[in-house]
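Sequence lines, in order, name chains A and B.
This note's numbering numbers the first residue of the first sequence as 1 and each following residue consecutively.
This note's numbering numbers the first residue of the second sequence as 1001 and each following residue consecutively.
Some clues are possibly wrong.
As the list claims (entries may be wrong) - Restricting the straight-line Cα-Cα distance to at most 25 Å, the calculated cross-link-like pairs of lysine to aspartate or glutamate (DMTMM-like) are: (1) B/K1098 <-> A/E163; (2) B/K1100 <-> A/D82; (3) B/K1098 <-> A/E37; (4) B/K1021 <-> A/E37; (5) A/K151 <-> B/E1037; (6) B/K1112 <-> A/E71.
To be verified - Derived coverage of chain A by chain B (criterion: at least 3 residues anywhere in the stretch with Cβ under 8 Å from a Cβ of chain B; other residues may be distant): (7) 100-110; (8) 146-160.
Keep in mind the hints are simulated off the structure, nothing from the lab.
Just so it is clear, the structure is predicted and the values come from calculations on it, not from any experiment.
For each residue, glycine too, the CB sits at the ideal point set by N, CA and C.
Protein chains: 2
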Amino acid sequence: MAQKEVLPVARAVLQQCLHAKLQVKPAEQDSEAQFVEINRGMVIYICFFKGATDDILSKTVSTLLNLRLSESDSGKMVSVLDLPGNLLIVPQATLGGKAKGRAMQYHNNISKEDGLRLYTDFVSLCEKELMEAAPGMIVKHGTYGNRQVLKLDTNGPYTHLMEF
Amino acid sequence: MAQKEVLPVARAVLQQCLHAKLQVKPAEQDSEAQFVEINRGMVIYICFFKGATDDILSKTVSTLLNLRLSESDSGKMVSVLDLPGNLLIVPQATLGGKAKGRAMQYHNNISKEDGLRLYTDFVSLCEKELMEAAPGMIVKHGTYGNRQVLKLDTNGPYTHLMEF
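Only chain A is shown next, with the shape it has when bound in the complex (with noise of 0.2 Å):
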């Protein structure tokens, strides 16, 4: 019998930076654009699949912030908290995509619905996570939906991929 293939849940992307700045509101006619930003640390690029639950979010979580993805000042690979560093949450639709001839499609994405809260809920026990294990740092995300204006510095974005 073939083996039954085991599609992902959750696809992260991971890049190390100096600093970053995120745009979590655009100007309006009254307003101005609104950005969050961090200095050193790790920006997680996030995607929920369908068939994702609130069950899988604490192993998400440990994985991405105790895998040793950050280069320390001297040169060792240390996870986040060790760093210790910032954590900026990206929302990544886009990183769901599968070609079809030219075009991307995004069918295996979860509904927004469900992306939403999962992402809420993601963004919450990093915090938690982060608070507890590096106290001093801070968590910014950006706003699920939106345009996500980015500026990144990094000294090498060391760029890795998880699949959960």
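On the provided structure of chain A, position chain B as indicated by the hints.
Showing chain B alone in chain A's frame:
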């Protein structure tokens, strides 16, 4: 019989940019660091795995340059060739990482020698395709094996993952 898992031989992460600047030579005692930069276009982070050969390069480059990953001024998704946009190619061995415990391992990455050769040919093919289809646009690229000190300015990175 269990279905054989087909492992990818190349992985690319794509991000759209308004401006990107990459160090191609670090500062030394008697010389300043050197950088390349592009304006609007696409950043290609690329990693080759064991088993990758020149045979895949043509399809890989054609796919990445023709997929509709870039947002045009009118908000339509178009290819980087149609935008038209510039290219910044960043060698990124970390993309081949697999978690083992808290550490990342890169056992499936191609050897440095083969990786350098494929990367060099990949860059050449991108230059050729862009020159033909989008004259006036430029290709810049990082130095294989170096630290990729990168600054990125986006209007939304639209981060995509592609495997070949």
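- [ ] Mind checking the alpha carbons of B/K1098 and A/E37 for me, to see if they're no more than 25 Å apart?
- [x] violated (29 Å)
TODO: Quickly compare the C-alpha distance for B/K1100 and A/D82 to 25 Å and report which way the hint goes.
DONE: Status holds; Cα separation ~18 Å.
Open item on the list: Under 8 Å between beta-carbons, do enough residues of the stretch 146-160 of chain A, three at least, approach chain B for the coverage claim to hold?
Closed with: holds (count 14)
Task: Pair hint B/K1098 and A/E163, alpha-carbon separation not exceeding 25 Å - done: Cα-Cα ~10 Å, so holds.
Open item on the list: Does B/E1037 sit within 25 Å of A/K151, going by the straight-line distance between their CA atoms?
Closed with: holds (15 Å)
Open item on the list: So is the stretch 100-110 of chain A in contact with chain B by the C-beta rule, three or more residues under 8 Å, or is the coverage claim wrong?
Closed with: Holds, because 3 residues of the stretch 100-110 of chain A bring their Cβ atoms closer than 8 Å to Cβ atoms of chain B.
TODO: Assess, step by step, whether the Cα of B/K1021 is no farther than 25 Å from the Cα of A/E37, and give holds or violated.
DONE: holds (20 Å)
TODO: Measure nothing beyond the straight line between the CA atoms of B/K1112 and A/E71; if it is 25 Å or shorter, mark the hint as holding.
DONE: holds (21 Å)
Violated hints amount to a single one, hint 3; each of the other numbered hints is respected by the structure.
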